[in-house]
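Please construct the entire structure, taking both the sequences and the accompanying hints into account.
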Amino acid sequence: MALTPEDIEQHIFKVSRRGYDKVEVDRFLGEVARSYRDLRHQLDRTVLATTEPTPPADPPAPDPGPSAGPTEDGGALFRLDRGPEPPPAAPGGPDDFQRLGSEVAEVLRTAHASVAQLRHEAEVEASVLRQRAEREVAELRREAEVQAARIRQEAQRDAAALRGDAQRYAEGLRNEADEYAARTHVDTDRDVAEKAAAAQAALDDAERRLAEARIAADAVVAEAEARADAVVRDAELDIAQRRQELEAEAEAEAAEHDHDHDHEHDHEHEHVHGPDCDHD
1 MALTPEDIEQ HIFKVSRRGY DKVEVDRFLG EVARSYRDLR HQLDRTVLAT
51 TEPTPPADPP APDPGPSAGP TEDGGALFRL DRGPEPPPAA PGGPDDFQRL
101 GSEVAEVLRT AHASVAQLRH EAEVEASVLR QRAEREVAEL RREAEVQAAR
151 IRQEAQRDAA ALRGDAQRYA EGLRNEADEY AARTHVDTDR DVAEKAAAAQ
201 AALDDAERRL AEARIAADAV VAEAEARADA VVRDAELDIA QRRQELEAEA
251 EAEAAEHDHD HDHEHDHEHE HVHGPDCDHD
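The sequence shown begins at 1 in our numbering and counts up by one.
You may find that some hints are simply not true.
Claimed, not checked - SDA-like, lysine to any residue: derived pairs with alpha carbons at most 25 Å apart:
#1 K22 <-> L129
#2 K22 <-> A113
#3 K22 <-> A255
#4 K22 <-> R208
Hints listed in this document are in silico derivations from the structure and should not be mistaken for laboratory results.
This is how it looks when you write it as structure tokens:
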């Protein structure tokens, strides 16, 4: 099916979130449609000129040959009569059709090439920005994981130290109680009972401190886990924010590229058709 200028101007493209600027595309298609319409009008005029009936030419008058006329001194002067001028050749030969067809084909080729070039450049820029974003996201995630692992190791080390101190303290109290009981085995039952109660109290205190140390160690580990989770969560938020910034940067670069391309196209159009050419 042949395209018409209206088909070009009224063609509807699918809309995507990061597609081309609709105003820029409409303006470009409008220029293509105007060029196509001008060429069609020129082609129609040429075809009309070639198909109009040509009025029959008058038969050429017979050549009367040289004729003589009197001169001032009474002599004879010969005069050569010329026949009618041949009619001019009608315009619109095969060369005109071939030239107009080539111009139409060139306009369409230029339009397709421009659109393909814009699409290719946009895809390349989007690919570069996407790779850059993926690298930055991977780096942020790696740093968050390293920091979280370091926090967990420090918490586990602190907890182990607290447990070790509590166990050593409890064992020391038990040893002291056993030694005290061995030295005083000859004492009276009352003294033994008192000393046993004191030893048991010391043992209970050691057990209590050991339990407190375990609770403190668990709290340290829990706090470390919470800090690690906070680090990962902050990293994810930074990743999302950075992705939005990169997408905004990509859209800004694409818009600037489209603006520069349109400015260059207008400059070329003025250079070819002159500054007074109508762009509307």
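Hints, one by one, checked against the model:
1. Annotation: proposed proximity of K22 to L129 holds, straight-line Cα distance about 23 Å (limit 25 Å).
2. Between K22 and A113 the alpha-carbon distance is near 18 Å, which keeps this suggested pair within the 25 Å criterion.
3. Under the criterion of a C-alpha separation no larger than 25 Å, the hint pairing K22 with A255 is consistent with the structure, at around 11 Å.
4. Taking the CA atoms of K22 and R208, the gap is near 75 Å; set against the 25 Å cutoff, the hint is violated.
Figure legend: structure checked against the earlier numbered hints; the only hint not met is number 4.
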